[in-house]
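Let's have the full structure, built from the sequences with the hints guiding it.
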Amino acid sequence: PCIMDELTTSSFKTTGSKWLLPVSDFFGFPLDQVNFLACQVFALGAAFWFRLYLSPQFSSPVVRHAVATLFGLSFVIFCFGWYAVHISVLVMVCYRILVTADIHNIHRYTMIMAVSYLAVCQVTILFQLFSNVSFFLSATSSSKPSLIEYLSYNLNFLSILVGPCSHYKDYIDFIEGRHVQRRLRRLSASNTGQNGYDKVSEPSPMAAVTRKLLICGVCMVLFLTLTKAFPITYNVDSHFVNEAPFLTRLTYAFFSIQAARPKFYFAWALADAINNAAGYGFKGVDEAGQVSWDLISNISIWGIETATSFKKFIDNWNIQTGVWLKTVCYDRAPRYPTALTFILSALWHGVYPGYYFTFITAIPITLAARAVRKNVRQYFLSSHPVKLVYDVVTWAATQLCICYTVMPFLLLAVEPTMQYYRSMYFHIHIISILTVIVLSQSHKPRGSSSNGTKPGPYDPHPQAQPQLQPSNNNVKRK
Numbered sequence: 001p002c003i004m005d006e007l008t009t010s011s012f013k014t015t016g017s018k019w020l021l022p023v024s025d026f027f028g029f030p031l032d033q034v035n036f037l038a039c040q041v042f043a044l045g046a047a048f049w050f051r052l053y054l055s056p057q058f059s060s061p062v063v064r065h066a067v068a069t070l071f072g073l074s075f076v077i078f079c080f081g082w083y084a085v086h087i088s089v090l091v092m093v094c095y096r097i098l099v100t101a102d103i104h105n106i107h108r109y110t111m112i113m114a115v116s117y118l119a120v121c122q123v124t125i126l127f128q129l130f131s132n133v134s135f136f137l138s139a140t141s142s143s144k145p146s147l148i149e150y151l152s153y154n155l156n157f158l159s160i161l162v163g164p165c166s167h168y169k170d171y172i173d174f175i176e177g178r179h180v181q182r183r184l185r186r187l188s189a190s191n192t193g194q195n196g197y198d199k200v201s202e203p204s205p206m207a208a209v210t211r212k213l214l215i216c217g218v219c220m221v222l223f224l225t226l227t228k229a230f231p232i233t234y235n236v237d238s239h240f241v242n243e244a245p246f247l248t249r250l251t252y253a254f255f256s257i258q259a260a261r262p263k264f265y266f267a268w269a270l271a272d273a274i275n276n277a278a279g280y281g282f283k284g285v286d287e288a289g290q291v292s293w294d295l296i297s298n299i300s301i302w303g304i305e306t307a308t309s310f311k312k313f314i315d316n317w318n319i320q321t322g323v324w325l326k327t328v329c330y331d332r333a334p335r336y337p338t339a340l341t342f343i344l345s346a347l348w349h350g351v352y353p354g355y356y357f358t359f360i361t362a363i364p365i366t367l368a369a370r371a372v373r374k375n376v377r378q379y380f381l382s383s384h385p386v387k388l389v390y391d392v393v394t395w396a397a398t399q400l401c402i403c404y405t406v407m408p409f410l411l412l413a414v415e416p417t418m419q420y421y422r423s424m425y426f427h428i429h430i431i432s433i434l435t436v437i438v439l440s441q442s443h444k445p446r447g448s449s450s451n452g453t454k455p456g457p458y459d460p461h462p463q464a465q466p467q468l469q470p471s472n473n474n475v476k477r478k
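The opening residue of the sequence shown carries number 1 in full-length UniProt numbering; numbering runs sequentially from there.
There could be a bad hint or two in this list.
Stated by the list, open to error - Computed cross-link-like contacts, DSS-like style, restricted to lysine-lysine with a CA-CA straight-line distance of at most 30 Å:
(1) Lys326 - Lys283
(2) Lys326 - Lys169
(3) Lys263 - Lys326
(4) Lys169 - Lys144
(5) Lys326 - Lys374
(6) Lys228 - Lys263
(7) Lys228 - Lys18
To be clear, the hints were calculated from the coordinates, so they are not data collected in a lab.
Now the structure itself:
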């Protein structure tokens, strides 16, 4: 996902291949984005080939690991040229630490570098007696990986450019041919009395791949039309800022942010389709018998567009990274987990100042939204019409807060960010901070405790979802 951020910023200057420069000039798209799209289209075709002709029945895990790694490195070199040295060296350094550091040092090293999800998983297993690690115990191997396994997990062509982040154990099961069948066997075991589950053949991902490619097509059309019609930079155009009324500027900000989302939807949906085409991402089967291939999906477009709270929006955006942040930071922070998690997220994204403006601004907004929900929402649950009004108002407030928060993420630099916030009179900052102060002092919930559980933006998703089998191992059976 960090690489995708670089590829989608207009200020990025490619150091990668120039082979597609004529294509870039012909269509008027930046060369780095053309290279990125070419690699992802190639990856989609390679994923089908990987599943059909390099399946575990015909190829050993070592061969599958090697091919996935070589393709992934080729993509990085093609898109970034000599910058590929950076990620390669970093991966090797992390592996060296993982296999050589003792139990007392490895935790400190991996938390500092925090680049390899596997490293954090390994650390958590070593310290399982001192913390609640059921999340990782159900999804991580307890043995240290071989070099080829580690390289494949970090550099495979399925996720090297866009992600998503996934559990090491799930990835190894996929490479070794156990990914789907293990889940189907657990499905059979959890449905005692229902015949036929143990005889179900491995489901095809073609329906899921087709659906996600259709989403990509729609998002591409929206990108070529709406995104071009509502440029983000117009929010800080001096004439527009000085002449347009506040409500006009607020309305344009809303539509320009809405128009900027399709490129992210496109990238994540395509990455999900690529993983599914390779046979990776099987989640389970719901009670109606519908197969889900959303195990490592990174977005829920419906959840994003209908979010009625800041938290729900975050829960459905870059989902796998949110799970990672919750596990490695939010659940471990002894104090100020929300603030620390947002700061880590800013560091994880990169060095552009706009990232830090976005995630630091999100801290008071998240705290304010949480306080409003705790103290106000209960008064709007008396009837369906009243609840509907509350949902509409909170949806509008959430979308406006998101526009205000993520604008620096797209503007990137300090000067345009400050120009935008000044044009908005810092109103969301002021309202959020005042809301937190007033509600925290005047409306403290009865029976609350300072050492209770920590609610926050990286909690498990609160919205009801179909029950998919097999469930995680860490869920206790009745």
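*Can the restraint linking lysine 228 and lysine 263 be considered satisfied, given a maximum Cα separation of 30 Å?*
11 Å, holds
_Proposed proximity, lysine 144 with lysine 169 (alpha carbon, max 30 Å)_ = With a Cα-Cα distance of about 11 Å, the restraint between lysine 169 and lysine 144 holds, given a limit of 30 Å.
_For a C-alpha distance cap of 30 Å, please report whether lysine 228 and lysine 18 respect it._
25 Å, holds
*Please work out if lysine 326 and lysine 374 have their alpha carbons no farther apart than 30 Å.*
21 Å, holds
*Would you mind confirming whether the straight-line C-alpha gap from lysine 326 to lysine 169 stays at or under 30 Å?*
The given pair, whose Cα atoms are some 19 Å apart, holds under the 30 Å limit.
*Are the Cα atoms of lysine 263 and lysine 326 separated by 30 Å or less?*
25 Å, holds
_Check whether the Cα positions of lysine 326 and lysine 283 lie no farther apart than 30 Å._
Holds. Lysine 326 to lysine 283 sits at ~21 Å (cutoff 30 Å).
Of the hints listed earlier, there is not a single one the structure fails to meet.
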